[in-house]
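2 protein chains.
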Amino acid sequence: MKRDSLKVALLGCGVVGSQVVRLLNEQSADLAARIGAPLELAGVAVRRPGRKRDAAVDPALLTTDAEGLVTRDDVDIVVEVIGGIEPARSLILSAMAKGKSVVTANKALLAEDGATLHRAAREGGADLYYEASVAGAIPLLRPLRESLTGDRVRRVLGIVNGTTNYILDQMDTTGASFTDALEEAQALGYAEADPTADVEGFDAAAKAAILAGLAFHTRVTAADVHREGITEITAADVASAKAMGYVIKLLAICARSEDGRSVGVRVHPAMIPRSHPLAGVREAYNAVFVEAESAGQLMFYGKGAGGAPTASAVLGDIVAVARNRLSGARGPEESVYAGLPVHPMGETVTRYHISLDVTDKPGVLARVAEIFARHDVSIQTVRQEGHGDDAQLVLVTHRATDAALTATITNLRELDIVRAVAGVMRVEGDETP
Amino acid sequence: MKRDSLKVALLGCGVVGSQVVRLLNEQSADLAARIGAPLELAGVAVRRPGRKRDAAVDPALLTTDAEGLVTRDDVDIVVEVIGGIEPARSLILSAMAKGKSVVTANKALLAEDGATLHRAAREGGADLYYEASVAGAIPLLRPLRESLTGDRVRRVLGIVNGTTNYILDQMDTTGASFTDALEEAQALGYAEADPTADVEGFDAAAKAAILAGLAFHTRVTAADVHREGITEITAADVASAKAMGYVIKLLAICARSEDGRSVGVRVHPAMIPRSHPLAGVREAYNAVFVEAESAGQLMFYGKGAGGAPTASAVLGDIVAVARNRLSGARGPEESVYAGLPVHPMGETVTRYHISLDVTDKPGVLARVAEIFARHDVSIQTVRQEGHGDDAQLVLVTHRATDAALTATITNLRELDIVRAVAGVMRVEGDETP
Chain A
1 MKRDSLKVAL LGCGVVGSQV VRLLNEQSAD LAARIGAPLE LAGVAVRRPG RKRDAAVDPA
61 LLTTDAEGLV TRDDVDIVVE VIGGIEPARS LILSAMAKGK SVVTANKALL AEDGATLHRA
121 AREGGADLYY EASVAGAIPL LRPLRESLTG DRVRRVLGIV NGTTNYILDQ MDTTGASFTD
181 ALEEAQALGY AEADPTADVE GFDAAAKAAI LAGLAFHTRV TAADVHREGI TEITAADVAS
241 AKAMGYVIKL LAICARSEDG RSVGVRVHPA MIPRSHPLAG VREAYNAVFV EAESAGQLMF
301 YGKGAGGAPT ASAVLGDIVA VARNRLSGAR GPEESVYAGL PVHPMGETVT RYHISLDVTD
361 KPGVLARVAE IFARHDVSIQ TVRQEGHGDD AQLVLVTHRA TDAALTATIT NLRELDIVRA
421 VAGVMRVEGD ETP
Chain B
1 MKRDSLKVAL LGCGVVGSQV VRLLNEQSAD LAARIGAPLE LAGVAVRRPG RKRDAAVDPA
61 LLTTDAEGLV TRDDVDIVVE VIGGIEPARS LILSAMAKGK SVVTANKALL AEDGATLHRA
121 AREGGADLYY EASVAGAIPL LRPLRESLTG DRVRRVLGIV NGTTNYILDQ MDTTGASFTD
181 ALEEAQALGY AEADPTADVE GFDAAAKAAI LAGLAFHTRV TAADVHREGI TEITAADVAS
241 AKAMGYVIKL LAICARSEDG RSVGVRVHPA MIPRSHPLAG VREAYNAVFV EAESAGQLMF
301 YGKGAGGAPT ASAVLGDIVA VARNRLSGAR GPEESVYAGL PVHPMGETVT RYHISLDVTD
361 KPGVLARVAE IFARHDVSIQ TVRQEGHGDD AQLVLVTHRA TDAALTATIT NLRELDIVRA
421 VAGVMRVEGD ETP
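Heads up: the sequence lines are chains A and B, in that order. In terms of the UniProt record's numbering, the first sequence opens at residue 1 and continues consecutively. In terms of the UniProt record's numbering, the second sequence opens at residue 1 and continues consecutively.
Because the hints were derived from the structure by calculation, they are not lab data. For clarity, every value in this text was computed on a predicted model and none was experimentally measured. A virtual CB, placed ideally from N, CA and C, is assigned to each residue, including glycine. Just so you know, not all the hints are guaranteed correct.
As the list claims (entries may be wrong) - Derived contacts from chain A toward chain B, CB cut-off under 7 Å, selection only: (1) Ala-33; (2) Glu-146; (3) Ala-311; (4) Ser-312.
Unchecked claim - Simulated coverage check for chain A against chain B, where a stretch passes if three residues somewhere in it have a Cβ under 8 Å from a Cβ of chain B: (5) 139 to 145; (6) 317 to 328.
All chains should be modelled from the sequences, with the hints used to inform the complete structure.
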């Protein structure tokens, strides 16, 4: 298809959208050279056209008629950076029904209803690209979708939420409490006024669902993801991890089961050894660790959010779909041939770090150890700290199912010699069996 | 194009080739699902068919007639893992002339004569993919070619040779000499009996040329790359760097000049701060740091060599070209639209760490400082160590052109008060201007 230009419709003109406009303008000659035809911005759908915007945005292109814009005959590519489920989904579906290719950064929509989008893309003969939906600027989905497609991914372990990483890093570095670190993150613009989506792990869970689907060629939605946030992490937890040579990170973990017949997808805080490559990921950076059978261990690191980094990923996708349109080709479709079920959290194999406040008398360890043995959970290390009313047992287990570990904790709480289960945290990234 | 199967011809069946065969066999069902048609191994060209090989390789597929194999009418994809310039180049060109797509891991050939291969691909309507040629299993070229194509790369800074990283890491960790660390690397199979290509930086220079071409959309050959190896690095250099909070790494550095009108491409040992993400890259791992205008700082980390990791990258490319063939599409062509010249090393802006053995008398620093001033090189830090015959001045400069720094060193050698220039090392990854 020889074309004078390819027309792009942009939905949303906030932090990311305005950077997309800026890059389309500033890089227009380079983009045209890379694509083989110039890109032209056909229109920008916004809710409030009167609002003050980046100087790069030509007011004449603004419209409130998003539906009209995405179905315009001359539009080739629709870029959706509104976020949220509706109206984003309806607009994307309208565009694809007209054969427009779509580039989106919308993790929530992909994690909730990616199947519908992929089906619409297939039926409309359109491309659906979404590199910016996970880990912002880091090229991660394309490597998973394409580079590693001849390999077999075993596990994806990532820091995919910059806000919580900033908070945990501050807690680790300065000893701050969760509340103080959150306030600082808010003051710096790393956390929103309502931080729920970040600190409760919803954002990371959506990304985990997308990563798991791509890594394992199966369909995973946000509802399949076991999710725990970081609001209960105390300065004492962080200090205790630090003393043992660990750091606490909010991890998104996608793993095949040992028999390869199911996958586990979870987001929760975990202790990782300071020697692990993910331990050095500071501030609001993201990093994703991928283990594949042949490739071995890979890591991808960079900025997971922000206008310009996210726009960079969006532009990469725009170039790809533009090239596909010119050559009449299509990018990779949804790959779900493996059809692996997502197993419940109880079947996940992990390790626990447990702190117990105990009464300080002989025989305590024997009784505690008996509870672990009852559930077939073996203990890797145990040490006693303090004396009298401050006596504490700190245990780290070997790998066991989460169900067995949970049952162990339940039984420990029932023991008269256990005054309190002071802390329970999973341990990851440490290959001790 | 509906096809019963896509036929693959393999050139070479050594460490990488035998792993490619293994993966094609083991993963055949998954690969067929990902591609949309099964892959079939049409033949394997080897020099010595009688040699003992991996059990995965069907002896009936072996042939010594490589030219006949790559031009066979039923072959769709040629995978070249022989390495070296000839006969690899002739075979690739023969294959492309017949319209076969080519996947190669051949960094030396791409860095010497990539232009010829790309032209042959274009003329033959064939794909040329070479992810495995740089940094083994790490998906790096596809992100540069595709994900970052809407951005503007400023700099690529990488550890792209595992052998030298292993040697330098051993020297840093154990205090070993270069010779001892090399011997250990040889004993472990990380270094070849003739280690020249690795320790003199030829391997890294070829990779730097490929990376620079992709990052800056221009044409760079191995001959354009300024190259220094690690054979002169002493245990004292490593210890001195360590004492200052630095680590010595062999870096491949590709950077736009400050005015954006030329590029510099170089491979040399350099001191980097221990806090830099590349400093933590241990043993034979590779990692590449990319700075782009919008994406910011990205890092890619993983295994840079080895049969299975390299085969993983080859398989990813096979899947891509197979999918392209089925859909009648083509992958990205050579992108050289920027046509930027490679500037000489003298124009590169860098910093130097310099150790001078000096006579211990008043006025020495003033005379040394005058030499730096004469060349407009400003000094960031200076300290004196030892006394009398052991007196040493250790200086770190601000950024200056390599030509000015070299001239400074030349003049310093001529000073009567300088008994010897004991060490000169570039400092990178430290953004002090």
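Hint by hint, here is what the structure shows:
Proximity of A/Ala-33 to chain B holds as hinted, the smallest CB-CB distance being about 4 Å (cut-off 7 Å). Given the 7 Å rule on beta carbons, the hint for A/Glu-146 holds: about 6 Å separates it from the nearest Cβ of chain B. Given the 7 Å rule on beta carbons, the hint for A/Ala-311 holds: about 6 Å separates it from the nearest Cβ of chain B. The criterion of a C-beta within 7 Å of any C-beta in chain B is met by A/Ser-312, whose closest approach is roughly 4 Å, and the hint holds.
A stretch counts as covered by a chain when three or more of its residues have a beta carbon under 8 Å from one of that chain; for the segment 139 to 145 of chain A and chain B the count is 3, and the coverage holds. By the rule of at least three residues with a Cβ nearer than 8 Å to a Cβ of chain B, the coverage given for the segment 317 to 328 of chain A holds, with 8 such residues.
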